[in-house]
Amino acid sequence: MIEASALSKRFGARRALREVSLTVHAGELVAIIGPNGAGKTTLLSILAGEARADSGGVSRPPEEIGWVPQQAALYGRLTVAENLRLFARLERCDDVAAAVERMLAQTGLAERAGDRVETLSGGNRQRVNVAIGLLSEPEALLLDEPSTALDPGQRERLWEFLRGRVDGGTAIVYSTHNVQEAERHAHRVLVLADGEAVYTGSPRELEQTVGASGLDFEAAFVEFLRRRGH
Amino acid sequence: MRWLLLKDLQILWRSPLLVALLVIYPIVVAVLIGLALSRGPEKPRVAILNEVPAGGEVISLGGEEVDTSLYSQQLFDAVDPVRVDSREEARELVRDGDVLGALILPSDIPFKLQSALEPATVEVLYNAEDPVKAQLVRDTIKSQVQDANAALTRKFTGVALGYLNLVVSGGSSSFLGRDFAVLGLGPAERILAQARASLPPSSPARGQIQEVLDFARLARENLDLSDELLGSVAEPIRVDARAVEGAGSTALSSFAVALAVTVSLMFVTLLLAAGTLALEREENAFRRLVRGLVSRTALLGEKIGLAAACSLLVALVMLAGLALFVELDWSRAPLWAAAAAAGALSFAAMGAAIGALAREVRVASLLAFMVSLPVAFVALVPSGTVSGAIYDTTRVVSALFPFDPALTALGAALDGSGGMLLPLAHLLVLTLAFGAAARLGLRRFD
Numbered sequence: 001m002i003e004a005s006a007l008s009k010r011f012g013a014r015r016a017l018r019e020v021s022l023t024v025h026a027g028e029l030v031a032i033i034g035p036n037g038a039g040k041t042t043l044l045s046i047l048a049g050e051a052r053a054d055s056g057g058v059s060r061p062p063e064e065i066g067w068v069p070q071q072a073a074l075y076g077r078l079t080v081a082e083n084l085r086l087f088a089r090l091e092r093c094d095d096v097a098a099a100v101e102r103m104l105a106q107t108g109l110a111e112r113a114g115d116r117v118e119t120l121s122g123g124n125r126q127r128v129n130v131a132i133g134l135l136s137e138p139e140a141l142l143l144d145e146p147s148t149a150l151d152p153g154q155r156e157r158l159w160e161f162l163r164g165r166v167d168g169g170t171a172i173v174y175s176t177h178n179v180q181e182a183e184r185h186a187h188r189v190l191v192l193a194d195g196e197a198v199y200t201g202s203p204r205e206l207e208q209t210v211g212a213s214g215l216d217f218e219a220a221f222v223e224f225l226r227r228r229g230h
Numbered sequence: 001m002r003w004l005l006l007k008d009l010q011i012l013w014r015s016p017l018l019v020a021l022l023v024i025y026p027i028v029v030a031v032l033i034g035l036a037l038s039r040g041p042e043k044p045r046v047a048i049l050n051e052v053p054a055g056g057e058v059i060s061l062g063g064e065e066v067d068t069s070l071y072s073q074q075l076f077d078a079v080d081p082v083r084v085d086s087r088e089e090a091r092e093l094v095r096d097g098d099v100l101g102a103l104i105l106p107s108d109i110p111f112k113l114q115s116a117l118e119p120a121t122v123e124v125l126y127n128a129e130d131p132v133k134a135q136l137v138r139d140t141i142k143s144q145v146q147d148a149n150a151a152l153t154r155k156f157t158g159v160a161l162g163y164l165n166l167v168v169s170g171g172s173s174s175f176l177g178r179d180f181a182v183l184g185l186g187p188a189e190r191i192l193a194q195a196r197a198s199l200p201p202s203s204p205a206r207g208q209i210q211e212v213l214d215f216a217r218l219a220r221e222n223l224d225l226s227d228e229l230l231g232s233v234a235e236p237i238r239v240d241a242r243a244v245e246g247a248g249s250t251a252l253s254s255f256a257v258a259l260a261v262t263v264s265l266m267f268v269t270l271l272l273a274a275g276t277l278a279l280e281r282e283e284n285a286f287r288r289l290v291r292g293l294v295s296r297t298a299l300l301g302e303k304i305g306l307a308a309a310c311s312l313l314v315a316l317v318m319l320a321g322l323a324l325f326v327e328l329d330w331s332r333a334p335l336w337a338a339a340a341a342a343g344a345l346s347f348a349a350m351g352a353a354i355g356a357l358a359r360e361v362r363v364a365s366l367l368a369f370m371v372s373l374p375v376a377f378v379a380l381v382p383s384g385t386v387s388g389a390i391y392d393t394t395r396v397v398s399a400l401f402p403f404d405p406a407l408t409a410l411g412a413a414l415d416g417s418g419g420m421l422l423p424l425a426h427l428l429v430l431t432l433a434f435g436a437a438a439r440l441g442l443r444r445f446d
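Line by line, the protein sequences give chains Y and U.
Its first residue numbered 1, the first sequence is counted upward by one per residue in our numbering.
Its first residue numbered 1, the second sequence is counted upward by one per residue in our numbering.
Keep in mind that the hints were calculated from the coordinates and are not lab data.
None of these values were measured; they are calculated from a predicted model.
Fair warning: there could be bad hints in the mix.
What the hints assert, rightly or not - What follows is a list of derived Cβ distance ranges for each label pair: (1) U:LEU6 with Y:SER59: 29 to 39 angstroms; (2) Y:ASP115 with U:VAL363: 20 to 30 angstroms; (3) Y:THR119 with U:LEU6: 19 to 29 angstroms; (4) U:VAL396 with Y:HIS230: 53 to 63 angstroms; (5) U:GLN10 with Y:ALA110: 18 to 28 angstroms; (6) U:ALA433 with Y:GLY114: 38 to 48 angstroms; (7) U:LEU6 with Y:PHE161: 24 to 34 angstroms; (8) Y:ASN178 with U:PHE377: 52 to 62 angstroms; (9) Y:GLY123 with U:LEU5: 28 to 38 angstroms; (10) U:ILE24 with Y:ARG184: 51 to 61 angstroms.
Yeah, the Cβ is synthetic: ideal placement off N, Cα and C, and Gly gets one too.
Only chain Y is shown next, with the shape it has when bound in the complex (with noise of 0.2 angstroms):
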């Protein structure tokens, strides 16, 4: 599980987070949406340790939490197995090498793990950034905009792998634009609008919030939204 209370941001004279406050349990999977700006990264960055918060707090500290940032955080002149091998390391994993081939067969790069990450695609370079997230059986696991680069079959073997660890008890966040992807894959999502969390529940309860018969979700999502004046 993982808990986080009363989240506060600022940048300058902006507010990036106001007092938001989420829990997950073991499990489940929660999807954080919201428009441009709206402070999904900087709450994932946050209870990922990366970003520190002005005040709140998060229940686990970040070593004991699967990061996977949206942009592919790698070392493109090392074979995809030297960049596993290089954080199962400074993870401090039991056994390296049992890390290191457990996740090449997880996410299917078993025969592309001598190659230099700079030769590989974008889908395969993020499968190898889920992969890093994912060294140290984290019960916890952020993922930034997962499927950003992905295309859809690569898209749907990112999805397929995700809920194999959801069913293994594994607690994943992640952010995404793609309003469809959270209704479809989500067990709640928790909507944020400058800075604020406006919203946590299903996908399903948010469609019977906003009440409108015919609209899918994301029309919903966006009648939701405007209602709320954003």
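Given chain Y's structure and the hints, the job is docking chain U onto it.
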């Protein structure tokens, strides 16, 4: 941290251009400096037209034969001479750029030297298209003509002193092949004194002889002093050079070696430290690393240590390479290593500060070049070439960067000129200061 170090070494190893640059750069610099120091300066190529007829170079001065070709030979030795047969040919070679200048020795030079009625003149033609080369030709020929002038003046002075000696002490000489005896002031004085003594005391001639005797004594005594006076005229100004600053001053070759190594040390270290730190940001890995995997200070220490170790190795290889051309005192090798290590650490801290400012490796490299070049130039401005205020400013600016103390420390380590402690302490302070600046700069990475 060792895994990060291993990773950086792997990345370096897989960057062939960078590794080639790191290996080739110091080798090329070492070879160039070594060749420059071992070959000495190139002689300017100068056309020579000698219109003095064969055998006419010998002149007679005070009964002594003087071969003027010996003096002209000195001049020819200072240049790379190209013999020509006419003024037109000399002009053409200069105009076409085949030679930097032409020197014409007119046929009347021996006559004018012998008669001493008017100065002998040599003509110099030069190509003024390139002011540096033109200056080189002018300076070389002027310097050699001055040397020849000084040598001839000494010869003239010797002849004049011989004549004066003859007048004072008497003796024999020859003129136009005829030998003749000269009485001299001293013997004349003695003869007059005897003649005066033989006259009766009341003789009016005694007073007149006494007057002549007084004049002869006065003339002899003053002419006795004239050899020193003529010696002064022959060489009115002598140079007595003493170093008042930087006692035991660094030898030119040691300075050149220290300069070559320091410049390489600066570029290699700055580029490595700035580049490897900026790479963490460019690859988006920095944030992933510092969220609990490694501290910012440890990351900084790893980059500084890696850059300093690599450049220290390069510096030591360079020194070993330069030792093939220049004699270096190997018993001082531990001091070289200490000076190079202190310089490398300081440059690495500065490079890390530059890397902390940049978001990309290319920007970091460009910044490193843009900062290091003026720093090196400013540190090399010699006193007396600019106004006092500007020089003081250059000293202050130089003190803020590691180049100047690193150069001083390495120069002192190479040949023992001056102390090493002060520049080493200076480098330590700069390492801490730039390290702190780099640590502060890492906040920009957040």
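Comparing the hints with the structure gives:
At about 34 angstroms, the CB distance of LEU6 of chain U to SER59 of chain Y agrees with the hint of 29 to 39 angstroms. A beta carbon spacing of about 28 angstroms between ASP115 of chain Y and VAL363 of chain U agrees with the range 20 to 30 angstroms that was offered as a hint. Checked against the hint of 19 to 29 angstroms, the pair THR119 of chain Y and LEU6 of chain U passes, with Cβ atoms roughly 21 angstroms apart. Distance hint for VAL396 of chain U and HIS230 of chain Y: a CB-CB separation of about 56 angstroms, consistent with the stated range 53 to 63 angstroms.
A C-beta distance of roughly 21 angstroms is found between GLN10 of chain U and ALA110 of chain Y, which places it inside the suggested range of 18 to 28 angstroms. Distance hint check: the CB atoms of ALA433 of chain U and GLY114 of chain Y are about 44 angstroms apart, consistent with the given range 38 to 48 angstroms. At about 30 angstroms, the CB distance of LEU6 of chain U to PHE161 of chain Y agrees with the hint of 24 to 34 angstroms. Taken as a hint, the range 52 to 62 angstroms holds for the pair ASN178 of chain Y and PHE377 of chain U, whose Cβ atoms sit roughly 56 angstroms apart.
Under the hint 28 to 38 angstroms, the C-beta atoms of GLY123 of chain Y and LEU5 of chain U, about 31 angstroms apart, fit the expected range. Between ILE24 of chain U and ARG184 of chain Y the beta carbon distance is about 57 angstroms. The supplied range of 51 to 61 angstroms therefore holds.
When each numbered hint is compared with the structure, no violation occurs for any of them.
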